Every structure is written in C-alpha cells, then in structure tokens.
Amino acid sequence: MTLVINGETKTCPAVNNINDLILHLGIGPDRVAVEVNGRIAKRRDWESTPVADRDRVEIVQFVGGG
Amino acid sequence: MTYELTDDPLVLGGKTFRSRLIVGTGKYSNFAVMREALERSGSQIVTVAVRRVNLSDRSRESLLDFIDTNRFMLLPNTAGCYTADEAVRAANLGREAGLSDWVKLEVIGDERTLFPDTEALLAATRVLVKDGFVVLPYTNDDPIMARKLEDAGATAVMPLGAPIGSGMGIQNPANLRIIMECVSVPVIVDAGVGTASDAAVAMELGCDAVLMNTGIAGATDPVTMAEAMKKAVEAGRLAFKAGRIAKKLYASASSPLEGVSR
Numbered sequence: 001m002t003l004v005i006n007g008e009t010k011t012c013p014a015v016n017n018i019n020d021l022i023l024h025l026g027i028g029p030d031r032v033a034v035e036v037n038g039r040i041a042k043r044r045d046w047e048s049t050p051v052a053d054r055d056r057v058e059i060v061q062f063v064g065g066g
Numbered sequence: 001m002t003y004e005l006t007d008d009p010l011v012l013g014g015k016t017f018r019s020r021l022i023v024g025t026g027k028y029s030n031f032a033v034m035r036e037a038l039e040r041s042g043s044q045i046v047t048v049a050v051r052r053v054n055l056s057d058r059s060r061e062s063l064l065d066f067i068d069t070n071r072f073m074l075l076p077n078t079a080g081c082y083t084a085d086e087a088v089r090a091a092n093l094g095r096e097a098g099l100s101d102w103v104k105l106e107v108i109g110d111e112r113t114l115f116p117d118t119e120a121l122l123a124a125t126r127v128l129v130k131d132g133f134v135v136l137p138y139t140n141d142d143p144i145m146a147r148k149l150e151d152a153g154a155t156a157v158m159p160l161g162a163p164i165g166s167g168m169g170i171q172n173p174a175n176l177r178i179i180m181e182c183v184s185v186p187v188i189v190d191a192g193v194g195t196a197s198d199a200a201v202a203m204e205l206g207c208d209a210v211l212m213n214t215g216i217a218g219a220t221d222p223v224t225m226a227e228a229m230k231k232a233v234e235a236g237r238l239a240f241k242a243g244r245i246a247k248k249l250y251a252s253a254s255s256p257l258e259g260v261s262r
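Chains as they are written, first to last, in our numbering: chain A, 1 to 66; chain B, 1 to 262.
No wet-lab data here; the hints were simulated from the structure.
Treat the hints with caution; some may be incorrect.
Said to hold, decoys possible - Once the Cα atoms are required to be at most 27 angstroms apart in a straight line, the calculated DSS-like pairs of lysine-lysine come out as:
(1) B:241 x A:42
(2) B:15 x A:42
(3) B:15 x B:231
(4) B:231 x B:241
(5) B:231 x B:27
Computed from a prediction, not measured in an experiment: that's the story for all the values here.
Build the full structure now, drawing on both the sequences and the hints.
Put into structure tokens, the structure is as follows:
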C-alpha cells in the first residue's frame, strides 16, 4: 500500500490500523501523536483506527524547543 | 515576619511549583549538556516543541531519554504556527503526545521579529480553553491584550520582555508593570532574557515567573548560566517581596552625621 507519511510518499506492506503501522515503522509508541487524514487518533483508538491506501499520516514527537 | 521563598510557591493551573524559572529545551549543543543545565536551573517546567518523527533515521537519540518526566513537567509549545488553526492543531498533537492539557500557546505573526499575532492568539486561546486546555499564551506587552487573554480563560499571560532569542533584556518594564495591574492571573515574562540581571529585573518588577531558552542554551557555558538564572530569579523575587528603596537624585548618608571625630 502507499501512504503519505510525514509528507513523504512511502510504499509499505498492507497494514490494517495505526497500531500495525507504528509497529511496522519501528517507532516507540510512547510520546508520539498520530494523525490520519487530518484527524488525531487517540492512543486507545489506534487499534480500531483503519489505515487505508493513500491515507495521509502524520507522526509527531517532542523535540527541543523554547 | 520575614519572607521565605519556600512559603510562596508559584501556583499555576492548580499546581504549585517551587521554582519560578521555566526553561526551554531547544538550541543545546547536545542532550547531555541540556540535561545538566535543566538540573542546575532548578526548574520544574520545561518547554518542548512538537515535530515530525524522522522516519529515515530512527537511530537518533530522543529528547525524552534525557528528561526525567517525574521531575520536570513537559510544556508543549506551538512554536512555528502562524495561524490560530495551526496552533490549535499543534496543541492537540502535543496533548496527545504528552498526555497533558497544558500548552504554551504561540501564534507567530512575523518571521523576522517572531512577534505574536495577538488577534489569532486570542482566537486560539478561546478554542483551546473550551477544549479543556491550560493555556499559557506568549503575547506582546500590550496590557489590553493581556486582559482579553485573561477574559478568554488563559491560565497566565506571558508577555515578551524583548524579541525571542534576542537577549536584549527587559525593554518594557513600564508595560509589564501595567499588565500586572490589569490582570489577576500570573504574569510570566517569556522571551528577551539575555543574562542573569535581566531575569532579576523581571522578578523585581513583580512578575510571577520567567521563561527562557536561548539565554541559557546559547551561553558559552549553559550549565553555569542555568544556575545563574536560578539564583537571579530567586534574588529578584526576594527583592520584590522585600520592597526596594525609592530612587532619589541626591545622596543620603548611611553613617551617622553626629559624633564625627575631627
């Protein structure tokens, strides 16, 4: 499937939901926030939030800032 | 009875803090220096930014590996946002990432000065307060805007002392004093502090706290500057509470005028 993740078009094996995607990307699930097509998915909803071909996904974390 | 700092914590959003110094986590040469500077600053609240995870290089160290979140409360900011909508979205992403309702709200109006767009700031404050956020807005030194932010439900107002990262010190003591008379929420000077005396000036004016990043991170020795800032904030608070003498044009002798042996 093709996803636009953080602005980059990525081809990855088909995943069903956000949980699977985060697992596939190897991202530590703590302290990240995920948005699919402009809607933030709460962590407890990751399992039930589907990810489909051509979805736009944003994955953010905390970095140093003032 | 004399005044003790320990009897006078900063009360913000229903929480109490011993330290009246809030520090940023940006611009450090490396995370180890940052960790030590945070430690020496005595701060209990640290600001962080929300940015995209780097997908191509997952090996890089993570900021949060260097911040003990049991000791430091994370305060996500909305830095880099130029509209109310962007800031509201960033605040929500920060809430989801940090699992906390607190936000340092910034809506920038101009790239060169980084002055706030206060019209958009007020709009974003209203939205976020309604959504249950504890909103700490970075604003300009306009007392009327400070009052509007308070009316909109802001938990504190955070006027600048000078442009972000400029290190010019407190350029607007008169406006800060008027702001403190206009609002009853805490007033936190956010931006402009370049060295310890600047932080002391802000606190001597009666501000409730000071927020800084570059003043520490950009110093030649950030760890030592962090301690200087801690002590300056404490000294400034003590001086404010002690009540300074009035300024006079002429001298007033400190030693007795009588009994001088000639």
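Status of each hint after checking the structure:
With a CA separation close to 45 angstroms, the supplied pair residue 241 of chain B and residue 42 of chain A exceeds the 27 angstroms bound. Of the supplied pair hints, the one linking residue 15 of chain B and residue 42 of chain A holds, its CA atoms being roughly 25 angstroms apart against a limit of 27 angstroms. Note on residue 15 of chain B and residue 231 of chain B: the hinted pairing holds, with a Cα-Cα distance of about 22 angstroms set against a maximum of 27 angstroms. With a C-alpha separation of about 15 angstroms, the suggested pair residue 231 of chain B and residue 241 of chain B falls inside the 27 angstroms cut-off, and the hint holds.
Simply put, residue 231 of chain B and residue 27 of chain B have alpha-carbon atoms about 22 angstroms apart, close enough for the 27 angstroms limit, and the pair holds.
When held up to the earlier numbered hints, the structure conflicts with hint 1 and nothing else.
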